[in-house]
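K.L.:
First residue of the sequence shown: 830, per the numbering used here; consecutive thereafter.
Simulated from the structure, these hints should not be mistaken for lab results. Since the structure is predicted, the reported quantities are computational estimates derived from the model, not experimental observations. Among the clues, some could well be false.
[What the hints assert, rightly or not] Straight line, CA to CA, 27 Å or less: simulated DSSO-like cross-link-like pairs of lysine-lysine:
| id | residue 1 | residue 2 |
| --- | --- | --- |
| 1 | Lys1208 | Lys1106 |
| 2 | Lys1072 | Lys892 |
| 3 | Lys1072 | Lys1208 |
| 4 | Lys974 | Lys992 |
| 5 | Lys1079 | Lys918 |
[Said to hold, decoys possible] Pair ranges (Cβ atoms, derived):
| id | residue 1 | residue 2 | range |
| --- | --- | --- | --- |
| 6 | Glu1138 | Asn1197 | 24 to 30 Å |
| 7 | Lys1150 | Glu983 | 47 to 53 Å |
| 8 | Glu913 | Ser846 | 40 to 46 Å |
| 9 | Glu913 | Lys1158 | 40 to 46 Å |
| 10 | Arg938 | Glu983 | 16 to 22 Å |
Backbone N, C-alpha and C fix where the C-beta goes; we use that ideal spot for every residue, glycine too.
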Amino acid sequence: MKYDLIIGRYGEVGLKSPRVRGRFERKLVSNIKSSIKCDIDVNQARFFIFPENFDDAVEKLDKIFGIVSYSPAISLTTDLDEIEKHLTKYIEELEKQGLIDSDTPFAVRCRRVGTHDLSSQEFAAFAGSVVVKKIGAPVDLTNPKIKIFLEVREGETYIFHEKIQGPGGLPLGTQGRLVALISSGIDSPVAAYLMMKRGCEITAIHFDNDPFAGPQVTENFKELINKLNEYASGSPIRTKIVKYGDYLQKCKDKAPEKLTCVLCKSGMYKLASEVAKREKALGIIDGSSVGQVASQTLPNILATRDNAEFPILSPLIGLDKVEIEKIAKKIGTFPISELNDGGCSAVPKYPETKANLERVHDAVEAINQSEEILKALDKLYS
830 MKYDLIIGRY GEVGLKSPRV RGRFERKLVS NIKSSIKCDI DVNQARFFIF
880 PENFDDAVEK LDKIFGIVSY SPAISLTTDL DEIEKHLTKY IEELEKQGLI
930 DSDTPFAVRC RRVGTHDLSS QEFAAFAGSV VVKKIGAPVD LTNPKIKIFL
980 EVREGETYIF HEKIQGPGGL PLGTQGRLVA LISSGIDSPV AAYLMMKRGC
1030 EITAIHFDND PFAGPQVTEN FKELINKLNE YASGSPIRTK IVKYGDYLQK
1080 CKDKAPEKLT CVLCKSGMYK LASEVAKREK ALGIIDGSSV GQVASQTLPN
1130 ILATRDNAEF PILSPLIGLD KVEIEKIAKK IGTFPISELN DGGCSAVPKY
1180 PETKANLERV HDAVEAINQS EEILKALDKL YS
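Sequences and hints are given; from them, build the entire structure.
P.N.:
Set out below in structure tokens:
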């Protein structure tokens, strides 16, 4: 099938006020053009995309936030004779692809914009008669096996048969910047992805726990960022890596061993708050899911976030492991996260799961956390 263009659609962007909608539309156009070599026309919640390479465009549109669906289409005039001619050829191509034959129940759906001689139902009935005449397929408006779509606008008609689901969400870069804590595990990359889907630009912080974790962990983090950047059209992820082993050693030497994980996470939030100030970010993302590991029980979540200076957003907080893994597999981060080489050896045998806030404050003072975090900030690199 030789297509002329791709019709892209947005969802909740259309619910915004005219001023906000216009800003979001402009950002979405910019994001599309940063990923795909193309020309774009925007008209009434539709993006008419004319790409240089159709296969490349279809692959990349699947990863541009703000697009809820898209359709490769052919373009023609609103003249009925021309519609009949091109629709007949279109059905021939679908028949060659095995998508329709004389036994295939079909329906025609028509969307009309502007003033025309025929109503939407009349256009659909006309197109349906063309299909029946060409191939003899039965009409089934209730449960069709294939749908043929006509979109009729001023002077233009578009024919297509697919509405390919896009990622949805809001255009990346419309909601400000967040700092994301990203390990090499399964959860945190998914959390970052979900906030990118809500339009947030990302600065990713990775904590290099050497000697308590091997170098492969940091390499996996870099691979995860490469994968997430496939969804970062127009706003590539900024990365920061911090040498965190000295801080962990101080926690083990100067504080109760059971509190190691609590102090580790508390320090991460403290450091992320400092990075957020530098990055002019508006919050911190983490991959917490209630009860999944020791630092993510409700008492420990309270204790670890006590000294954070920014809102902490946890989009996975109510999801279980199966649900999180399903998203990770869908976005392509799961195989990379599976390469972890054993986790962190600083984790105590019996970690605290019900941290007492006063005891945590005492431990924070014992390790002189603020000073240790400043030292770690000096070891920050991209």
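K.L.:
With reference to the structure, classify each hint as holding or not holding.
P.N.:
Now the hints, each set against the structure:
no., hint, in the structure
1, Lys1208 with Lys1106, "holds (17 Å)"
2, Lys1072 with Lys892, "violated (32 Å)"
3, Lys1072 with Lys1208, "holds (6 Å)"
4, Lys974 with Lys992, "holds (14 Å)"
5, Lys1079 with Lys918, "violated (73 Å)"
6, Glu1138 with Asn1197: 24 to 30 Å, "violated (18 Å)"
7, Lys1150 with Glu983: 47 to 53 Å, "holds (52 Å)"
8, Glu913 with Ser846: 40 to 46 Å, "holds (42 Å)"
9, Glu913 with Lys1158: 40 to 46 Å, "holds (45 Å)"
10, Arg938 with Glu983: 16 to 22 Å, "holds (20 Å)"
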